[in-house]
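Just need the whole structure built from these sequences, with the hints factored in.
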Amino acid sequence: MAIRNVTLAGLDREQLLHMHYQMVLIRRFEEKAAEEYTLGKIGGFLHLYIGQEASGVGALSALRPEDYVVSSYREHGHAILKGIDPKAVMAELFGKATGCSKGRGGSMHMYSAEHNLIGGQAIVGAQLAIGTGIGFASQYEGKQSVVSVMFGDGAADEGAFHEALNLASLWKLPVVYYCENNQYSMGMAVTKAWSVSSLEPRAAAYGMAYERVDGMDLLAVRETMLRAAERARKGEGPTLVESVTYRFRGHSMADPAYYRTRDEEARWRSSRDPIALFEAKLKENDIITDDDIAAANMRADEVVEECAQFAEESPVPEPDALYDDVLADGTGAIAWRNQPSTPRD
Amino acid sequence: MTGVTLGKALNLALHDALQSDSRVVMFGEDVGNLGGVFRVTDGLQEEFGRERVFNTPLAEATIAALALGMAMKGFRPVAEMQFDAFSYPSFQQVTSNIAKYHTRTGGAVNMQLVIRIPYGGNIGAIEQHSESPETYYAHTAGLKVVTPSTPADAYGLLLGAIKDPDPVIFLEPKARYWMRQDIDIPAPPLPLDRAQVVREGRDATLIAYGPTVQTALLAAEQGESEGVSLEVVDLRSLSPLDMDTLAASVRKTRRAVVVHEAPVFMGLGAEIVAQLMHDLFDVLEAPIERVGNATIPYPPSRFEKLFLPDADRILEAVDRTREY
Ligand SMILES: Cc1ncc(C[n+]2csc(CCOP(=O)(O)OP(=O)(O)O)c2C)c(N)n1
Ligand SMILES: [Mg+2]
Numbered sequence: 001m002a003i004r005n006v007t008l009a010g011l012d013r014e015q016l017l018h019m020h021y022q023m024v025l026i027r028r029f030e031e032k033a034a035e036e037y038t039l040g041k042i043g044g045f046l047h048l049y050i051g052q053e054a055s056g057v058g059a060l061s062a063l064r065p066e067d068y069v070v071s072s073y074r075e076h077g078h079a080i081l082k083g084i085d086p087k088a089v090m091a092e093l094f095g096k097a098t099g100c101s102k103g104r105g106g107s108m109h110m111y112s113a114e115h116n117l118i119g120g121q122a123i124v125g126a127q128l129a130i131g132t133g134i135g136f137a138s139q140y141e142g143k144q145s146v147v148s149v150m151f152g153d154g155a156a157d158e159g160a161f162h163e164a165l166n167l168a169s170l171w172k173l174p175v176v177y178y179c180e181n182n183q184y185s186m187g188m189a190v191t192k193a194w195s196v197s198s199l200e201p202r203a204a205a206y207g208m209a210y211e212r213v214d215g216m217d218l219l220a221v222r223e224t225m226l227r228a229a230e231r232a233r234k235g236e237g238p239t240l241v242e243s244v245t246y247r248f249r250g251h252s253m254a255d256p257a258y259y260r261t262r263d264e265e266a267r268w269r270s271s272r273d274p275i276a277l278f279e280a281k282l283k284e285n286d287i288i289t290d291d292d293i294a295a296a297n298m299r300a301d302e303v304v305e306e307c308a309q310f311a312e313e314s315p316v317p318e319p320d321a322l323y324d325d326v327l328a329d330g331t332g333a334i335a336w337r338n339q340p341s342t343p344r345d
Numbered sequence: 001m002t003g004v005t006l007g008k009a010l011n012l013a014l015h016d017a018l019q020s021d022s023r024v025v026m027f028g029e030d031v032g033n034l035g036g037v038f039r040v041t042d043g044l045q046e047e048f049g050r051e052r053v054f055n056t057p058l059a060e061a062t063i064a065a066l067a068l069g070m071a072m073k074g075f076r077p078v079a080e081m082q083f084d085a086f087s088y089p090s091f092q093q094v095t096s097n098i099a100k101y102h103t104r105t106g107g108a109v110n111m112q113l114v115i116r117i118p119y120g121g122n123i124g125a126i127e128q129h130s131e132s133p134e135t136y137y138a139h140t141a142g143l144k145v146v147t148p149s150t151p152a153d154a155y156g157l158l159l160g161a162i163k164d165p166d167p168v169i170f171l172e173p174k175a176r177y178w179m180r181q182d183i184d185i186p187a188p189p190l191p192l193d194r195a196q197v198v199r200e201g202r203d204a205t206l207i208a209y210g211p212t213v214q215t216a217l218l219a220a221e222q223g224e225s226e227g228v229s230l231e232v233v234d235l236r237s238l239s240p241l242d243m244d245t246l247a248a249s250v251r252k253t254r255r256a257v258v259v260h261e262a263p264v265f266m267g268l269g270a271e272i273v274a275q276l277m278h279d280l281f282d283v284l285e286a287p288i289e290r291v292g293n294a295t296i297p298y299p300p301s302r303f304e305k306l307f308l309p310d311a312d313r314i315l316e317a318v319d320r321t322r323e324y
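Those sequence lines, one after another, are chains A and B. For the first sequence, the residue numbers in this note's numbering are 1 to 345. For the second sequence, the residue numbers in this note's numbering are 1 to 324.
Be aware that one or more of the hints could be misleading.
Unchecked claim - Straight-line C-alpha distance at most 20 Å; calculated EDC-like pairs for lysine to aspartate or glutamate:
#	chain 1	residue 1	chain 2	residue 2
1	B	K252	B	D203
2	A	K41	B	E304
3	A	K87	A	E312
4	B	K305	A	E318
5	B	K305	A	D324
6	B	K73	B	D166
7	A	K281	A	D214
8	A	K172	A	E141
9	A	K192	B	E51
10	A	K102	B	E304
11	B	K305	A	D320
12	A	K192	B	E46
As the list claims (entries may be wrong) - A few chain B residues facing chain A, derived, Cβ under 10 Å:
#	residue
13	D30
14	E127
15	P300
16	F303
If you are wondering where the hints come from, they were derived from the structure by calculation, not from laboratory data. Just so it is clear, CB atoms sit at the ideal spot from N, CA and C, and this is done for glycine as well.
Printed below as a string of structure tokens:
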């Protein structure tokens with residue numbers, strides 16, 4: 001097969017292959033994280049992004065480095081896409097001092113000021129309000145930065161969603177409210193949780209622009225997000241984007257997932273896998289070969305192995321460090337410091 | 001019934017309440033077919049139907065307010081919050097409305113409802129999934145706050161909470177969900193305002209509740225092998241506080257240590273110590289000690305054991321009261 005140097009959606013071959021690689025990397029990263037979780041290397045909870053790679057890569061590829069992202073607990077992929085070294089993301093999962101939040105955030109709280117990642121949030125819906133605050137500050141400063149708020153279908157039912165959307169629309173804040181509708185909030189099917197069949201009427205209620213996109217279609221997601229970010233940057237106000245996707249794994253590692261059938265999962269995996277769909281599209285246009293795909297997978301495998309090794313070998317934070325960074329003046333936590341217990345003879 | 005876990009005992013109490021009173025309804029996030037994150041509502045929807053046990057969308061403030069509405073209409077709602085910190089979005093409804101409706105209507109309206117909240121750490125989770133919010137609630141007039149420490153108490157206290165005419169914040173020690181005990185079922189509801197002496201002793205009183213009662217008992221056992229006789233009191237009710245039972249115990253032992261997972265600073269121990277100091281000033285042999293967490297956000301899982309009360313830290317505190 002002759003490789004053609006065509007462009008798709010205004011992207012050249014190199015860019016397209018890079019986006020493909022990013023999806024593969026996120027998937028491998030999550031698979032590795034799952035493995036390490038099972039080995040007991042990762043504490044707390046772990047929510048995987050597998051199945052939603054196109055939704056993430058497409059959306060964040062449309063943003064600029066100076067744009068902000070605020071996300072949920074399903075944010076490892078978002079953190080990597082904002083440019084944080086995957087090693088620092090894995091180290092954060094391991095709770096190590098070299099993690100992007102110094103091991104103090106854990107799997108749900110990736111953060112990097114340098115990369116404008118405002119952070120993951122364990123409280124469902126928190127990011128809607130927080131992102132609105134960042135958007136307000138950005139507008140107030142007269143900056144060109146756009147905020148992308150990543151949230152799930154379940155978060156759209158929290159009060160914060162409604163408060164945030166009304167205010168942002170009223171004040172034309174530079175925010176994209178990016179709903180990754182993966183059809184479930186934990187065990188609750190979206191069809192049983194929403195009074196409407198899409199978020200369109202909710203956007204309309206706040207006089208906000210709305211776009212719905214197939215979240216398994218990388219390029220469609222990207223183009224949608226480009227339009228939304230452009231509106232925000234030009235001062236035309238926020239957009240509510242609904243990206244329809246599916247999480248291939250359980251809600252978290254602990255989820256028996258008996259609220260949906262194995263059949264339904266198999267159908268999505270076999271016919272709607274975002275990576276396979278993109279590969280098919282690239283092949284159709286003679287942009288990628290099987291060798292390219294194998295090479296991307298191999299490179300991703302190597303990277304995640306390095307991540308795991310780095311995380312494993314990184315130091316654990318000192319227990320005493322837990323008293324730091326509680327208050328900015330460095331004093332408050334000392335007031336009620338406890339002695340770590342020492343075994344009695 | 002043999003080997004009943006605390007989680008199962010709660011399930012049985014909910015079951016018996018649903019069965020004996022048609023006004024009892026239960027709801028929350030994933031409490032239906034999934035049976036809740038900790039499976040406390042397992043099988044209840046199947047048995048009692050979707051009219052009595054049902055899922056809600058993610059909307060904690062409104063979940064609390066549903067309970068308010070149902071209580072006002074004479075139902076006996078039991079709402080579930082999934083984890084401690086997820087109850088905070090509902091805080092406005094609980095503190096401003098549920099806690100105050102009875103007063104605000106000159107006593108015309110009762111808020112006979114229960115809000116169940118798993119709380120506390122020691123399960124390898126992190127902040128927002130391991131918190132001890134009891135004093136937020138106990139500090140609010142108009143609420144009752146209770147927490148069981150054993151399967152038997154879990155069963156009896158939950159039945160008591162459902163039957164109580166006031167709003168009850170029912171805190172479930174998640175680290176003890178899997179604790180097993182043989183219990184007699186059905187059993188009568190337990191009163192909500194009574195502490196219980198769970199172990200008798202002479203030299204000092206350990207005051208604990210919820211997840212720390214077992215820790216205190218462990219410390220007492222270890223103490224005995226070191227020649228110290230420790231009494232353990234399980235508060236069961238955090239608001240109101242059964243000061244009579246506490247005072248009787250401390251009058252006898254003259255020394256006390258309060259143990260909780262919540263930070264010591266402004267924790268429930270502060271109120272208990274203040275009242276005991278005031279009422280037993282001339283009896284006490286030493287200042288009352290407190291063992292709890294530091295004033296830091298809940299630590300990452302690998303460190304939680306360093307910060308949670310354990311038998312050693314409790315016994316060190318006992319030593320301080322004895323060496324005073
Ligand atoms: C305020 C609050 N309530 C409940 C939870 C428990 N919880 C965590 S994730 C989740 C489901 C959220 O679903 P969705 O917003 O669709 O995001 P997804 O997990 O599908 O990415 C729930 C109920 C929480 N973390 N915060
Ligand atoms: Mg979802």
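Hints, verified against the model:
{"no.": "1", "hint": "K252(B) to D203(B)", "result": "holds (8 Å)"}
{"no.": "2", "hint": "K41(A) to E304(B)", "result": "holds (16 Å)"}
{"no.": "3", "hint": "K87(A) to E312(A)", "result": "holds (10 Å)"}
{"no.": "4", "hint": "K305(B) to E318(A)", "result": "holds (14 Å)"}
{"no.": "5", "hint": "K305(B) to D324(A)", "result": "holds (18 Å)"}
{"no.": "6", "hint": "K73(B) to D166(B)", "result": "holds (14 Å)"}
{"no.": "7", "hint": "K281(A) to D214(A)", "result": "holds (15 Å)"}
{"no.": "8", "hint": "K172(A) to E141(A)", "result": "holds (14 Å)"}
{"no.": "9", "hint": "K192(A) to E51(B)", "result": "holds (15 Å)"}
{"no.": "10", "hint": "K102(A) to E304(B)", "result": "holds (17 Å)"}
{"no.": "11", "hint": "K305(B) to D320(A)", "result": "holds (14 Å)"}
{"no.": "12", "hint": "K192(A) to E46(B)", "result": "holds (17 Å)"}
{"no.": "13", "hint": "D30", "result": "holds (5 Å)"}
{"no.": "14", "hint": "E127", "result": "holds (7 Å)"}
{"no.": "15", "hint": "P300", "result": "holds (5 Å)"}
{"no.": "16", "hint": "F303", "result": "holds (6 Å)"}
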